[in-house]
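Residue numbers (numbering that gives the first Met the number 0), protein chains in the order written: chain A, 0 to 327; chain B, 0 to 501.
The hints are simulated quantities; they were obtained by calculation from the structure and are not laboratory data. Fair warning: there could be bad hints in the mix.
What the hints assert, rightly or not - So the derived label-pair ranges between C-beta atoms look like this:
1. A/Phe-300 x B/Asn-109: 53 to 61 Å
2. A/Phe-160 x B/Ser-374: 31 to 39 Å
3. A/Ser-265 x B/Glu-388: 27 to 35 Å
Quick reminder that beta carbons are idealized off the backbone N, C-alpha and C, glycines included.
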Amino acid sequence: MNNKIPNFVKTNQFGLLILVIVFICIFSFSTDGFTSRFNIYALSRVVALDIMIGLAMMVVILTGGLNLSLGALGVSAAMFGGWCMESMGIPISITIILVLAFGSFLGWINGFVTVRTGVHSFIVTLATMSIYFGFMTLLTEAEAFRKLPEAFTDFGSLKLFNKYISPLLIISVLTCFVLYYIFKYTDIGRKLIAAGANPDAAELSGISVDRMFIYCHMLSGFLAALAGIMLTARIGAAIPSMAGHLGFDWLLPAFLAPVLGGTLLSGGKVTVFGTMLGAILVTLINNGLYLIDVGEFWVRFFLGIILLGAVLLDRAREYFTVKNSIVS
Amino acid sequence: MSDYILELNNITKNFPGVKALDNANFRLKKKSIHALLGENGAGKSTLIKIITGVYNQNEGKLFLNNQEKSFSSPNEAMNAGISVVHQERNLIRRFSVGENLMLTNLPKNNLGLIDYNTVAKESKKWLDIMELDIDPNTIVSDLTVAKMQLCEIAKALSLESKILLLDEPTSSLSPQDTKNLFALLKRLVAEQDVSIVFVSHKLEEVFEICDEVTVLRDGKNACESEQITNLNRQKLVKLMIGRDEQIIKSKKNIDFTDESLLDLQSINTDLGHKNVNLNLKKGEILGLYGLVGAGRTELIKCVLGLDKINSGQILLNNKEIKIKSPKDALEKYKIGYISEDRKKEGLILMHDVLSNAGITVWSNLKKILSFLNDSIVYNKVDPYVKQLEVKTPSYQQIVSNLSGGNQQKISVAKWLASGTDILFIDEPTVGIDIKTKSYLHELIIELSLKGTSIILITSDMPEMISLADRIITMKDFKIVGETINNHNYEEMSSSIMGNIHE
Numbered sequence: 000m001n002n003k004i005p006n007f008v009k010t011n012q013f014g015l016l017i018l019v020i021v022f023i024c025i026f027s028f029s030t031d032g033f034t035s036r037f038n039i040y041a042l043s044r045v046v047a048l049d050i051m052i053g054l055a056m057m058v059v060i061l062t063g064g065l066n067l068s069l070g071a072l073g074v075s076a077a078m079f080g081g082w083c084m085e086s087m088g089i090p091i092s093i094t095i096i097l098v099l100a101f102g103s104f105l106g107w108i109n110g111f112v113t114v115r116t117g118v119h120s121f122i123v124t125l126a127t128m129s130i131y132f133g134f135m136t137l138l139t140e141a142e143a144f145r146k147l148p149e150a151f152t153d154f155g156s157l158k159l160f161n162k163y164i165s166p167l168l169i170i171s172v173l174t175c176f177v178l179y180y181i182f183k184y185t186d187i188g189r190k191l192i193a194a195g196a197n198p199d200a201a202e203l204s205g206i207s208v209d210r211m212f213i214y215c216h217m218l219s220g221f222l223a224a225l226a227g228i229m230l231t232a233r234i235g236a237a238i239p240s241m242a243g244h245l246g247f248d249w250l251l252p253a254f255l256a257p258v259l260g261g262t263l264l265s266g267g268k269v270t271v272f273g274t275m276l277g278a279i280l281v282t283l284i285n286n287g288l289y290l291i292d293v294g295e296f297w298v299r300f301f302l303g304i305i306l307l308g309a310v311l312l313d314r315a316r317e318y319f320t321v322k323n324s325i326v327s
Numbered sequence: 000m001s002d003y004i005l006e007l008n009n010i011t012k013n014f015p016g017v018k019a020l021d022n023a024n025f026r027l028k029k030k031s032i033h034a035l036l037g038e039n040g041a042g043k044s045t046l047i048k049i050i051t052g053v054y055n056q057n058e059g060k061l062f063l064n065n066q067e068k069s070f071s072s073p074n075e076a077m078n079a080g081i082s083v084v085h086q087e088r089n090l091i092r093r094f095s096v097g098e099n100l101m102l103t104n105l106p107k108n109n110l111g112l113i114d115y116n117t118v119a120k121e122s123k124k125w126l127d128i129m130e131l132d133i134d135p136n137t138i139v140s141d142l143t144v145a146k147m148q149l150c151e152i153a154k155a156l157s158l159e160s161k162i163l164l165l166d167e168p169t170s171s172l173s174p175q176d177t178k179n180l181f182a183l184l185k186r187l188v189a190e191q192d193v194s195i196v197f198v199s200h201k202l203e204e205v206f207e208i209c210d211e212v213t214v215l216r217d218g219k220n221a222c223e224s225e226q227i228t229n230l231n232r233q234k235l236v237k238l239m240i241g242r243d244e245q246i247i248k249s250k251k252n253i254d255f256t257d258e259s260l261l262d263l264q265s266i267n268t269d270l271g272h273k274n275v276n277l278n279l280k281k282g283e284i285l286g287l288y289g290l291v292g293a294g295r296t297e298l299i300k301c302v303l304g305l306d307k308i309n310s311g312q313i314l315l316n317n318k319e320i321k322i323k324s325p326k327d328a329l330e331k332y333k334i335g336y337i338s339e340d341r342k343k344e345g346l347i348l349m350h351d352v353l354s355n356a357g358i359t360v361w362s363n364l365k366k367i368l369s370f371l372n373d374s375i376v377y378n379k380v381d382p383y384v385k386q387l388e389v390k391t392p393s394y395q396q397i398v399s400n401l402s403g404g405n406q407q408k409i410s411v412a413k414w415l416a417s418g419t420d421i422l423f424i425d426e427p428t429v430g431i432d433i434k435t436k437s438y439l440h441e442l443i444i445e446l447s448l449k450g451t452s453i454i455l456i457t458s459d460m461p462e463m464i465s466l467a468d469r470i471i472t473m474k475d476f477k478i479v480g481e482t483i484n485n486h487n488y489e490e491m492s493s494s495i496m497g498n499i500h501e
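Isolated chain A, as found in the complex (with noise of 0.2 Å):
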């Protein structure tokens, strides 16, 4: 083995980063505008929430799991932000705990249902996406509330750094540091990953896997409706349809972003910079060909194209990079 390579060549993110640069380089020169402030800050906008629900899905991918009730989770606590706020005059920040914990509790549900029927949390969350999005449609009449808060609004447009970076970015960049400390650096985070890479290993050794899984569902609530919030500040208005129908449009970019990252669809391995670099690459290529002006079918026969690719990724990954740290 050649060892004069620094290991950080050889991990999936450094290819990703490589990725990340050969992108920005086609689109700066084959489109106009692409590295406008306009459509920087517009990037800047739309990759903090891909970051965010990229790690929503990650967190469950962990367990070895899936959370395709995600965007319904998302937007349901969402909804229920805006109503807080709106209906009921709830001040901003309490209005913010409340959605995170309705989150963490919708993310419960999926966790707990999952743990104790021994069902594929596949099922369990495809089950649980219709029943979210169903009666938050009931509730709201599938209604959008639209007049909030302007403070929050604000917040979801404001400029930083010249005007070329949007404060959400910063959000989700915050949240990837707190959760890489989290895996990397305390006793519940080791806990998670042994759980998900080997759960009867996990249990024999005392630990309480059930719970774990859990926390990961919690946690994945959780982000979803951080997800939720930024959506809501970013276009100004809590709307149903606003991830699509039964959040589909979230679908995709969750996936995409850890399997692109490196994090293995088997579970037992966490990349948070990982997804934070998949996000980024899913973003710019969303953005590069709009700007190119392929049609909106193109860009989504790209991206299913890139899932796929991502997904053979992750086979060839098993094989050779489990050598690669478990926290990256």
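Dock chain B against the given chain A, drawing on the hints supplied.
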């Protein structure tokens, strides 16, 4: 013309950083049963994988019926008449015996559909050759483990195999099933023109059934096609490990009238244990002997709270306790369990040495806000990893890259680090080379001398008799006998087998 059906000459196989085989030779005579022996890591499995086309050798030649061959896939080897019967079953459990036997070439009728009559008839032919009384329509999962093993051999025969590789074929068979299997193998060799390569850790079996022996050590031949009649157990072990075997015996004076540390009283479980009474003294090694399926591991798992105990009591220091989970057992009562299945239950193979060795102590080591970093864990587990002489390039090494012996040491180390008072140790030396085995034996005795109380489950009779202070025999989820061990192999083994076959 030689009378060898298979010849491997001067085989060398390199892996990154390791020479798995170094100029190794292997010659299989027609119609013989040839033992291939060696410690873990000696190169046995690499050699088998070269024979079966999984790997290609870097140097050396392979001759099949005096023709040079090179297989690029297991399929090619199979078509050339070489079949492996693995430890793990390769049958599809939900399919019938017939379907499994005919799977690679299912007979079809005129409409292109599977012709089940022919499937049954064809597969019956092979079952008859083996004198197996199994209906081809039986679903595989309804068979006993022993019958599955035999079906697997029937499947290999149905592929017209002339060379059968048997990898630890008796590891899950009872003595009676083993006897039947051996009778069958001998008949196959005599009547069906089959040659057999036999891989086993059980040397008694090698002497019983094999004609010739090839031993590998560190990728080289320690002996090549030696007649079994020229060898004895001692010589064979010396060939395998390069020195004489050390027999370790626990010498202790346990007062069995002392109060018990752990007491199981008339335990009945969901899994079918009936009225199990068992007590463990402080510093004792209590052996639980029984055949596979006697319910020993299951009993321990019930005690750990993984399966339900329906009635009965568990006392610790004369106080009744309720263990809800292994977490409970570890954190509240300082009870640990070293699993028999280190790959599935003992270790997290995809994680590194440090997190595997430290998993049991994270909870104790965490600081404020659950903070924990590698150096805190390292400081705690390093003494134990060093004590056990785990050979690993670093603590960041992924455990699946270590040898079986070192993996087992790590699954022991994590429990040493956790400082438990009671340890359940389940088959600690299965598939472990002789050197590590005697090392682990010493360690278990040392632990008990220091006051750890141990319940030892093992199906390895010599191991049981050298380690245990007292031996309890289980059969069909019941306790059928209890003997204080006097470390005399003949006496103890006949008394234990007597208990089982009463």
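Hint-by-hint comparison with the structure:
1. A/Phe-300 x B/Asn-109: 53 to 61 Å: For B/Asn-109 against A/Phe-300, whose Cβ atoms are near 45 Å apart, the range 53 to 61 Å is violated.
2. A/Phe-160 x B/Ser-374: 31 to 39 Å: For A/Phe-160 and B/Ser-374 the Cβ distance comes to about 37 Å; the hint holds.
3. A/Ser-265 x B/Glu-388: 27 to 35 Å: holds (32 Å)
Violated hint: 1 only; the structure is consistent with all others.
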